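We have chain A already, so just place chain B on it with the hints.
Protein sequences appear in the order of chains A and B.
Here numbering that gives the first Met the number 0 is used: the first residue of the first sequence is 0, the next is one more, and so on.
Here numbering that gives the first Met the number 0 is used: the first residue of the second sequence is 0, the next is one more, and so on.
Because the hints were derived from the structure by calculation, they are not lab data.
Keep in mind that the hints are not guaranteed to be accurate.
[Unchecked claim] Within a straight-line C-alpha distance of at most 25 Å, the following computed DSS-like cross-link-like pairs (lysine-lysine) qualify: (1) A/Lys271 / A/Lys286; (2) A/Lys204 / A/Lys230; (3) A/Lys230 / B/Lys9; (4) B/Lys27 / B/Lys9; (5) B/Lys31 / A/Lys230; (6) B/Lys9 / A/Lys204; (7) A/Lys274 / A/Lys286.
Nothing here was measured: the structure is a model prediction, and the numbers come from that model.
This is what each chain is made of:
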Amino acid sequence: MRKHWLAGLSLGLAVLAVAPGVKAASLPTVVQQQAKTLDTSALDRQLNQLVRGHPGVAIPGVGQIVSDLLHHQNPFNPQTLLRALALAAAGDLATESRLLGIILLLAVMGALLGRLGESVAGSERGGMVQVSRLVVLSALMLVALRSFGLAVGLVTSLVGELVHLMEATIPLLVVLMAGSGAIASAGIFHPLMLATVNLVAVLTKRWVLPLILLATIVELVGDWLPRFSLKNLALLLRQTGLTLLGGLMTIFLGVMTVQGAAGSVADGVTLKTGKFLASTFVPVVGKMFSDAMEAVLGSSLLLKNAVSVVGALAIIVTVTFPLVKLFLMMFLFRVGAAAAQPLDVDGVSDTLATMATAVGWLVAIAGSVALMFFLVLTVVVSTTNGVQL
Amino acid sequence: MLAWVAQWVKSLVVIVLLGNVAEFLLPKGDLKRYAGLLVGLVVLLAMISPFGVMWRGVAVPTLNGAGTAASGSWQTAVAQEELSQARAMVMALPGVTACQVRHLGSGAVAVSVTADGQQATTTLIRYAKAAVAVATGSQQPVRVFIKRPAAMIHNRRSKP
Numbered sequence: 000m001r002k003h004w005l006a007g008l009s010l011g012l013a014v015l016a017v018a019p020g021v022k023a024a025s026l027p028t029v030v031q032q033q034a035k036t037l038d039t040s041a042l043d044r045q046l047n048q049l050v051r052g053h054p055g056v057a058i059p060g061v062g063q064i065v066s067d068l069l070h071h072q073n074p075f076n077p078q079t080l081l082r083a084l085a086l087a088a089a090g091d092l093a094t095e096s097r098l099l100g101i102i103l104l105l106a107v108m109g110a111l112l113g114r115l116g117e118s119v120a121g122s123e124r125g126g127m128v129q130v131s132r133l134v135v136l137s138a139l140m141l142v143a144l145r146s147f148g149l150a151v152g153l154v155t156s157l158v159g160e161l162v163h164l165m166e167a168t169i170p171l172l173v174v175l176m177a178g179s180g181a182i183a184s185a186g187i188f189h190p191l192m193l194a195t196v197n198l199v200a201v202l203t204k205r206w207v208l209p210l211i212l213l214a215t216i217v218e219l220v221g222d223w224l225p226r227f228s229l230k231n232l233a234l235l236l237r238q239t240g241l242t243l244l245g246g247l248m249t250i251f252l253g254v255m256t257v258q259g260a261a262g263s264v265a266d267g268v269t270l271k272t273g274k275f276l277a278s279t280f281v282p283v284v285g286k287m288f289s290d291a292m293e294a295v296l297g298s299s300l301l302l303k304n305a306v307s308v309v310g311a312l313a314i315i316v317t318v319t320f321p322l323v324k325l326f327l328m329m330f331l332f333r334v335g336a337a338a339a340q341p342l343d344v345d346g347v348s349d350t351l352a353t354m355a356t357a358v359g360w361l362v363a364i365a366g367s368v369a370l371m372f373f374l375v376l377t378v379v380v381s382t383t384n385g386v387q388l
Numbered sequence: 000m001l002a003w004v005a006q007w008v009k010s011l012v013v014i015v016l017l018g019n020v021a022e023f024l025l026p027k028g029d030l031k032r033y034a035g036l037l038v039g040l041v042v043l044l045a046m047i048s049p050f051g052v053m054w055r056g057v058a059v060p061t062l063n064g065a066g067t068a069a070s071g072s073w074q075t076a077v078a079q080e081e082l083s084q085a086r087a088m089v090m091a092l093p094g095v096t097a098c099q100v101r102h103l104g105s106g107a108v109a110v111s112v113t114a115d116g117q118q119a120t121t122t123l124i125r126y127a128k129a130a131v132a133v134a135t136g137s138q139q140p141v142r143v144f145i146k147r148p149a150a151m152i153h154n155r156r157s158k159p
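Next comes chain B alone, as it looks inside the complex:
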């Protein structure tokens, strides 16, 4: 609530600031007077805009955009979310230290996994493919890249 008030006041101050700059820059004459009037009107509108919302009743947050022109961005967001879920699944596997999941241009999904020697490569590949399939709910071609930093494997072997 207070953050909203602060936002309101900030926008008002910015408008006044810009109005003063315009006042300073414009040459003397009719234009300056009209510009002053205009800035005054804008300040007035900005000041009463919250009360305008009140008159119209409580603003109901609507999920507009689904099914309209903005639905493209909506679907992108969903796809992105699915990919990050797949990433979280892969990261949950013991031995995986890093993972990146991204769309390739052709509709395929690329998964690059960084892992130490704890899991076999075939297991990792199978797990990553299954994770993508579960998260997206569709059978997309998946390419898995496994990275094994030498230091990690070495550490693991030297431990016992």
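So that you can see chain A by itself, here it is in the shape it has in the complex:
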């Protein structure tokens, strides 16, 4: 009997000795400890790979962001990104303007050939004029399609990179979500996020991009050979592709918001109940326990937000460079279309305008995929931030 009492006393003393230690540990210490135990190797590898391609851009690691957030500092300097972006844009402009030069040269040659043919043949639209026009347009189309193929490849690899990034980020987020008490949300979001990311990637690569490519080719054929134009077929194909992407985005966002709200309410109830039980039914040290629990959960919350900030930054850095390149391409095609119009060679200006529109659609696709992944991170994190103790 006495032995039993002694054991109880020593246990109580031990708890008293340990629990204040937990309570007394400052938030930064707890956070740093948690950050140390968090395995961010996959994310770090992705970040390193990303930064290697763009020297001058530095994405801070998770620990860095946590300490910056704790000390109320700005974790990311957008100026470095802007500088690197300007540099990349200048390089792209130099390479792409060469393409524009080739295209304009072709257009001028086409115009000259056309006038020459008219003056020789004497007729308005003789066979020779037609043939010269076809030759110039064919060369133009080869050049344009090659650069469009490059653009499509750019978007495809961009989507792949984004998927890798998300696959490195999501497990971390889910673990931290569960660690910060949002267990139901973690259970809901984990399959939802993974499924979305992969579905979007597969849909974009297998369906949307090929459909846009097909639409562009059909439209270019319409510019090339004016009889029996299939431009409306091109419209149909393009609309199908974009509707697929848009529909998926709408459904996904709706489902995620509603499910996430339900999950966060359930989590809030669970956590509140646990805290109430601990502080009410465990005598003396219960309050201490619930406070310590709060500190640990709070630091998990901070870490989770840091991971999501890293992921969002990485997405921004991944996406901006290709998007700027595509934008420049579109701009130069537009400039070419504007410049070729006064030369009055049938189809040259239209072809360039078509290419500009097609590249514009590529920009839209890449942007919306990136936006979707961005929303996956931010919506998920902000929804589970609503879980209040």
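Using the frame of chain A, we list chain B on its own:
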């Protein structure tokens, strides 16, 4: 599915291409106008052909050809398949490096086997005949040709 869409679009583009070529080549006149109308009709038909399949209901893949005029090619395909099974059996024997099985004109089967020194010639011949008999399910006359490249035999002997 997308491959099918791409095929559809490709055929449409080819039709338009040919139509433009015809337009370019034909002399001005009534013929050109009618040809244009015709090409337009063909493009229209090609464009709605997938929807036509939809109206008729889902196309059921049928094994037509068995028992009709096309059955000759069917039987040829079966015979070919049997021969390649026999070949696979012979190839499975250790020591066989290459094997060809083909029909001779007179209904006989010729098997030419390339083997190293691991198997005796009589074994190879018996095995090849049995393989053909099992694969085709009938007793056809079988001629077996054995090739033994000298280098292989030499290698095998020099190894131990």
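- prompt: Straight-line Cα separation of A/Lys230 and B/Lys9 no greater than 25 Å?
  reply: holds, 14 Å
field: A/Lys274 paired with A/Lys286 [C-alpha distance capped at 25 Å]
entry: Holds, at about 9 Å.
- prompt: Taking only the CA atoms, is the gap from A/Lys271 to A/Lys286 under or equal to 25 Å?
  reply: holds, 13 Å
- prompt: Keeping to a limit of 25 Å between CA atoms, is the pair of B/Lys31 and A/Lys230 held or broken?
  reply: holds, 23 Å
- prompt: Given the proposed pairing of A/Lys204 with A/Lys230, does the C-alpha separation stay at or below 25 Å?
  reply: holds, 23 Å
- prompt: Between B/Lys27 and B/Lys9, does the CA-CA distance stay at or below 25 Å?
  reply: violated, 29 Å
query: Within a Cα-Cα threshold of 25 Å, do B/Lys9 and A/Lys204 meet the stated pairing?
result: Measuring from Cα to Cα gives roughly 20 Å; hence the hint holds.
When each numbered hint is compared with the structure, a violation occurs for hint 4 only.
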